[in-house]
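*Asks:* One letter stands for each residue in the lines below.
Number of protein chains: 2
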Amino acid sequence: MSRWTDAPRERTHALGLVFPPAGDHYTGMQLDFIGAIAETAQAYGYDVLLTTGSKAGDHPFQRLLAGRLVDGVILMEIQLDDDRADLLSELGIPYVLIGRARVEKTSWVNLDFAALGRDCVRHLADLGHRTIAFVNRSEHLFRSGYQSAHLGQEGFVRGVTELGLTGRTYLCDDDAAAGEACLERILLEDPATTAVVTMNEAGLGGLYRGLKRAGRAVPRDFSVVGVVAGPWAERVTPQLTAADMPAAEMSRVGVELMMERLKAPDAPPRHVLLRPLICTRDSTGPCKPVPGPDS
Amino acid sequence: MSRWTDAPRERTHALGLVFPPAGDHYTGMQLDFIGAIAETAQAYGYDVLLTTGSKAGDHPFQRLLAGRLVDGVILMEIQLDDDRADLLSELGIPYVLIGRARVEKTSWVNLDFAALGRDCVRHLADLGHRTIAFVNRSEHLFRSGYQSAHLGQEGFVRGVTELGLTGRTYLCDDDAAAGEACLERILLEDPATTAVVTMNEAGLGGLYRGLKRAGRAVPRDFSVVGVVAGPWAERVTPQLTAADMPAAEMSRVGVELMMERLKAPDAPPRHVLLRPLICTRDSTGPCKPVPGPDS
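For the record, the sequence lines run as chains G and D. Using the working numbering, read the first sequence as starting at 4 and increasing by one per residue. Using the working numbering, read the second sequence as starting at 4 and increasing by one per residue.
Honestly, the hints are just simulated from the structure, not real lab data. Treat the hints loosely; a few may be bogus.
Because identical chains cannot be distinguished in the list, a pair is counted as satisfied if it fits within a single copy or across any two copies.
No farther apart than 25 Å at their CA atoms in a straight line, the calculated lysine to any residue pairs in the SDA-like style are these [stated by the list, open to error]: (1) 266 <-> 220; (2) 215 <-> 195; (3) 266 <-> 69; (4) 215 <-> 23; (5) 266 <-> 71; (6) 58 <-> 148; (7) 58 <-> 274; (8) 58 <-> 47.
Computed from a predicted structure; not experimentally measured.
Just chain G, with the same shape it has in the complex (with noise of 0.2 Å):
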C-alpha cells in the first residue's frame, strides 16, 4: 500500500525523534521530552535517533527520510500546518504527534491548552485576582503558528472574558533576561496587575526576579500560576503553582501510540488529549490590593 512499508527491510529498532531547537538551543522542557522519549522508547527495545528540521523540506528531516535508519518517527513543535506530517502521510511512514496538526491522519498526543489557559485564569479568580497578564512563549514562536502558544492564549483570553476579568497578553523569548523584561512591562503598562499566568519556563527565573526588583513578594503581593514541566515548577524557590505539562506521560503515550503504528501501521489513528490539574504550591495566593499612590 505504501513506499516505505512495502519494501522488505529489516527493522532497525530506531525511532526518529524530529525535534528542531526552539531558537539556537533546546530548552529545559524540550529536554525534558527528549530523555521521557528515550527512556521509553529504550523500556520498548528502541533507540532514538534525535534530529532536527521543523519543515519537509529541512536538510535533516529529508536525510532521515533517505537513511532509512528509522523504523518509524515521533514529530515535534507542531506546526498548525505541518508539512513534515503530509511528507510522512505521503511515504506511507508510520509516525505519531507529540502535539496536534490540522492534518489528523495519524495517531498523536497532545495537551488541552486552551483548557489549561482557562483554569489558570480560573484558578487566580478564585483568589480574588482581577487584573491579571499572560506571559506567553516568543514572538517567533508564536507567529509560526506554533500550536501550544495560540491555544494556551486563547483560553487565557476566554477565561478573562467570561469571568470579566482585566487580562493583557505577552510574547516572551525563552530566557530569564526577556521574563524579567517582560515583568517589568506589564507592571509598567498596568501597574495595578497582581498576578502572571505563564507557559514561559525559561522566563520563570526572570519573571521572579523582576518581583523581587519590583517589590513584589510572592505569593504575598503577587501570584504566579504556571504551565510548566513539574520539576521545573519544583526547582523554584517560592514553588510554582502549575498546571503540570506531564512531559513523562506525553512522551511514554508518544511512544505506545508510536508502537501501536508499528503494529498496524493501517489501523484508524488514536487521539490522546490529557488535561492536568493545577497543582497548588506556594506561588499563589489570595489577591491583596496593590497600594495606591496615596497609600
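On the provided structure of chain G, position chain D as indicated by the hints.
*Replies:* Here is chain D on its own, set in the frame of chain G:
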C-alpha cells in the same frame, strides 16, 4: 586493519551517543549534554542516535554495534575501567569519551574535577569558612567507580587537608528530597558547618530548602558553592556561585574530536582537560560564626 573500518560501508551521518540515565531518569545536567551534543552534531550534518548501556554486554550497546547505524560512537558516564571503551577499541570503531577512562586509546574531553573540588574549597577558605561539607553524587554512582564523583571528592579532601580545615563528605541521591535530608544530616553531625561544596545539581533545590528550614539564610549564615551547569546555577535563588560545568563547551569539543576520529581513525588520540573558573554569584559570602547554644 579493523573489522569495522575495513568493510566498505556507506556513511549514515549518525553518531551513537551511549548515555545511560543516572538511576531511573536522565538528570537535568545529562539532558543539557544530550541537547548540546545533538545541536553540535546537527551543525556538522550529523544526527545523534541516543542509546543506553553502561557495560559492553548490555543489550542496547550490543544492538548499536550490530546495527551499524552509526559512523562513530560517543561514550558518556565513563567508569574507571570501562569495558565499552575496550570493546570499541577491539572492534576498531571510531569513538570518543566525554569523561575519562583509565584506558586512553582514544580521544577524550573531561573536566579537571580534582582541581575543581580543590578550587571550591579555596574559594570558601578565602571567605573565612573553616568547617565545610562536600555533597557528592549517589552512593550507587560512587560505588560503580564513577569518575567525576571520585575525582571531585579527592580534590575536596586535598583542599581541606592543605588548608587545615574541617571537612566531611556525603553521598546524596540525585533528587531534591535527598538533598534536603543530606543537609539535615550535615547540620546534625556538625552544627558548626558554615558551607557546602556540591556536585549534586539535582539535590541543590533540596539543600536550599533544608537550609531555609534550619533557619540558615544563604549567603548571610551559610555558603553554597557547586560544580553544576551554568543555566542551573542561574535558575535557583539565590543564584549559585559555581565552577560552571561547561556542558556546551565539553559537548562541542567532544563532537569535534569525534569528527577528527572519523576523518583520521589512525591518528594519535587527543586529550582535552577543561578547568572552568568559579563564577561568583549570590550563594557564597564571608563566614559568620555559628551562634552557640548559649548565644
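*Asks:* Indicate, hint by hint, whether the structure satisfies it.
*Replies:* Going through the hints against the structure:
{"no.": "1", "hint": "266 <-> 220", "in the structure": "neither (54 Å within a copy, 57 Å between copies)"}
{"no.": "2", "hint": "215 <-> 195", "in the structure": "within (16 Å within a copy, 31 Å between copies)"}
{"no.": "3", "hint": "266 <-> 69", "in the structure": "both (22 Å within a copy, 23 Å between copies)"}
{"no.": "4", "hint": "215 <-> 23", "in the structure": "neither (34 Å within a copy, 39 Å between copies)"}
{"no.": "5", "hint": "266 <-> 71", "in the structure": "both (18 Å within a copy, 24 Å between copies)"}
{"no.": "6", "hint": "58 <-> 148", "in the structure": "within (13 Å within a copy, 44 Å between copies)"}
{"no.": "7", "hint": "58 <-> 274", "in the structure": "within (23 Å within a copy, 38 Å between copies)"}
{"no.": "8", "hint": "58 <-> 47", "in the structure": "between (29 Å within a copy, 19 Å between copies)"}
Against the hints set out earlier in the document, violations occur for numbers 1, 4.
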